[in-house]
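A.B. asks: In case you want the letters, here they are:
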Amino acid sequence: MRQTTGETKKINRHAVKAFLEATAGAWALVALILLFYSMNGAFLNQFNIRNLFNNMATLLIMCCGATLLRIIGSLDLSMGAVCSVANVIFVSTLASLGAASYLVAIGFGMLAGFMLGFLHTKLKIPSFIASLGFMNIWQSVALLIVKTPFSIKKAQQVFIEWGKIRFGVIDLPTIFSIVLLGVFALFLTYTVAGRSMDLIGCNERAARLAGVKTDRYKILAFTITGVTSALCGILLAIRLRSCDPAVGLPYTLLAYAAVFLIGGHGNVLKTLLGVGIVTVIDNGMTIIGVDAFWSRIIFGSLIIVSMILTMDRGGRKAIVK
Amino acid sequence: MEENKLIEILDVSKDYNGHPALQNVSMHVRCGEIVGLVGENGAGKSTLLKIIMGVEALSGGSMLIRGEPYRPQSPREANTKGVGMVFQEQSLITNLTVGQNIFFGEEKYFSRFGIVNYKEMYEEAEQALCAVDVTNISPRKYVRNINFAARQMVEIAKVVNQANGCKHDNAVVLLDEPTSVLNDAEVEQLFVQMRKLAASGHAVIFVSHRLDEVLRITERIYVFKDAKNAGEFVTADTTETMLYNAMVGHSTTSEYYYTDLQRDPAEETVLEVKELSLFGLFKDVSFQLRKGEILGFCGVIGSGKEELCYALCGDLKPTAGQICLKGSPVNLRSPAVARRTGILMIPQERNIEGVIGKLSINDNINASNLQKLSKFGILSLKKLAVQAQDWIERLRIKATSGKEAVEQLSGGNMQKVVFARMLASECDVVLLNHPTRGVDVGAKNEIYRLIREMAQAGRSIILLGDTLDECIEMSNRVLVMMDGKIAGEFDAPVGHKPGNLDVIQCMM
Chain A
1 MRQTTGETKK
11 INRHAVKAFL
21 EATAGAWALV
31 ALILLFYSMN
41 GAFLNQFNIR
51 NLFNNMATLL
61 IMCCGATLLR
71 IIGSLDLSMG
81 AVCSVANVIF
91 VSTLASLGAA
101 SYLVAIGFGM
111 LAGFMLGFLH
121 TKLKIPSFIA
131 SLGFMNIWQS
141 VALLIVKTPF
151 SIKKAQQVFI
161 EWGKIRFGVI
171 DLPTIFSIVL
181 LGVFALFLTY
191 TVAGRSMDLI
201 GCNERAARLA
211 GVKTDRYKIL
221 AFTITGVTSA
231 LCGILLAIRL
241 RSCDPAVGLP
251 YTLLAYAAVF
261 LIGGHGNVLK
271 TLLGVGIVTV
281 IDNGMTIIGV
291 DAFWSRIIFG
301 SLIIVSMILT
311 MDRGGRKAIV
321 K
Chain B
322 MEENKLIEIL
332 DVSKDYNGHP
342 ALQNVSMHVR
352 CGEIVGLVGE
362 NGAGKSTLLK
372 IIMGVEALSG
382 GSMLIRGEPY
392 RPQSPREANT
402 KGVGMVFQEQ
412 SLITNLTVGQ
422 NIFFGEEKYF
432 SRFGIVNYKE
442 MYEEAEQALC
452 AVDVTNISPR
462 KYVRNINFAA
472 RQMVEIAKVV
482 NQANGCKHDN
492 AVVLLDEPTS
502 VLNDAEVEQL
512 FVQMRKLAAS
522 GHAVIFVSHR
532 LDEVLRITER
542 IYVFKDAKNA
552 GEFVTADTTE
562 TMLYNAMVGH
572 STTSEYYYTD
582 LQRDPAEETV
592 LEVKELSLFG
602 LFKDVSFQLR
612 KGEILGFCGV
622 IGSGKEELCY
632 ALCGDLKPTA
642 GQICLKGSPV
652 NLRSPAVARR
662 TGILMIPQER
672 NIEGVIGKLS
682 INDNINASNL
692 QKLSKFGILS
702 LKKLAVQAQD
712 WIERLRIKAT
722 SGKEAVEQLS
732 GGNMQKVVFA
742 RMLASECDVV
752 LLNHPTRGVD
762 VGAKNEIYRL
772 IREMAQAGRS
782 IILLGDTLDE
792 CIEMSNRVLV
802 MMDGKIAGEF
812 DAPVGHKPGN
822 LDVIQCMM
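Residue numbers (my numbering), protein chains in the order written: chain A, 1 to 321; chain B, 322 to 829.
There are no misleading hints in this set.
Sample of chain B residues lacking proximity to chain A, with all beta carbon distances greater than 12 angstroms (derived):
#1 354
#2 375
#3 593
#4 777
Stretch-level coverage of chain B by chain A, calculated; a stretch enters the list once three of its residues show a Cβ under 8 angstroms from a Cβ in chain A:
#5 659 to 671
#6 674 to 688
#7 695 to 702
No lab work stands behind these hints: they were computed from the structure. The beta-carbon is built from N, C-alpha and C at its ideal position, and this holds for glycine as well.
Put together the whole structure using the sequences plus the hints.
C.D. replies: Below, the structure written as structure tokens:
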């Protein structure tokens, strides 16, 4: 009798441990929220909650693309720079093109992503290196298009008015970002492209020999990432009602902190949690009055620590190719 | 006599994930003796050498060196005990110089306060090269700038130098197929060095596929077959035929390979390969494959059959020649294109190239035909699961459910998953690259049956067998490759299978 209870206890403890491990990210998020709330009650007032959701929306959109890249085991350091260029293209063409400037900015993101994917797959340049080059190129391009930040004129604000619509504390762009994440979840489960990306990420060699079009789907992943980066740039323009050639700069770091935060094979739920945690830390530090210069130290360390905790050190399977 | 034995191998066994690579192998080498080690690919020769070198740990048995227990944990430890090896795959570091390679890991003997005295090192390297009569290679040259034969001599110089340098008088030198990249004159030079080594009291173990060389240079020969020691011969009273017989042996039954299910192929030619070449790997390979035919390819490693297989599945790009499928020429740019035209390969390295271990059985089975199960790129998860379940039942894959990760399965079941994927893809031409490698006997038997059923269903099969027996017994026709060319062709109808000896003689 005593033995059985001992065993059940063991099983229970095991189950509890597994449950805690699986939900560790969610607990961390709750703990962080409580921590910041206890340090400053204003953290959870209506104004800041809306702020949190808005901050989350832009990062989440960029992270949708970064999730795909994580799944196929690549990296794009130029996401933030693409975001900046899309941001300035969008705002500076708004006067002449009107609503079509949405398409121009998205088209730019698509092209930037495609070029990177093409260089990486066809010319076999590591994505890390190729995107490092592009990061600098796009950063300069953004500054060449617009030297200093300026606001969107009254006359053109009609095109970005939809960003103001809100339901309670949630703005329409936030809803858009959540829907986009849902689309990505469906994409990964229900489409040939999405499943193929999973196959490629888990064993590219085997996927190739099984007849999966590895190059095509990798280029697709990069192209989609370019588009999400551009969408992030557009959303930032809408929220800030202005353009800024350096607006995307901090986003690459934040996006990778969010995407790599929760280990194992990538998926959209982990990305959502990661984005939540990163946004809460970022915003919370401002609320409790931490010097802004600390933020890069925090997020840089966050990436390294989460890698140390979750890296698969099997040897062959490097996370970034 | 007893103290004369330099190294003794006693009942050594080794298995990889339950698959035996060596079973109770015993041998010994005396001082001043050159011993040959021969056997088919996969007979366990290289495994034994790796164990002696400390690259792999043995799973059973023991070894003695100079009468003392010997169990090296690393090649470095083996070196200090006076054991050195020239590896089959060249182990020199190409972006270092010859001298740096010879003294790799021993730089501290030339350094003062952490600064290496290269002049001294190169002088000693020159002496080391002179010791093996190599005078035309400058130790200051980079290894990437010298040819393969020269590299081989550098490797030998390195090992001989280690052998002479160790604190023991007698060293053991292992040579794993050192002659495969050498021409006749260089082979002679190598043999002179080997005799010199033996004359100065060292022991040499010589592994080679070239039996004539083994018979010329050695004093005794051990033959390995199926991971076991199949015989010990004194070279003086041995002929090539005796070695062949011992290497091949006979333990097969037609029942095991379901020979009664073998059918004659249809007249229709499905795949025609015309003078296909890939520079440096194979040349002018032409053959036809008929509907329902099993065509076996034999040849030693390096004969070009593996590369030919990869070229046929679109993974390697041939430099010349043509592939025709059902009469029309095809351009196989990638495995994806090959799959769409109807050619798919079952890869050789199951864990690296075959299965996607972290994903489920369902995902793996459906990997090759996602397009077929989708409409406008959208998949029906239900269809995927139904199809996978169907194959799991038909091939009797032992798993709790289709959602189980493939890496949890045994080797045989993993291979069945790869077969299920191939069958589901409905490709007409199937390349089986060592389909039974590393699976246990029972699963092997099931795979043979599956191959027979595939042929009966009208698929055309190219088989690169894991053993010669498998290749001959399973095939309707056998092509033998040697040095990148087709060296022989044998019809293998039921009841008139070609003899292993004839086939092997074509291979070497």
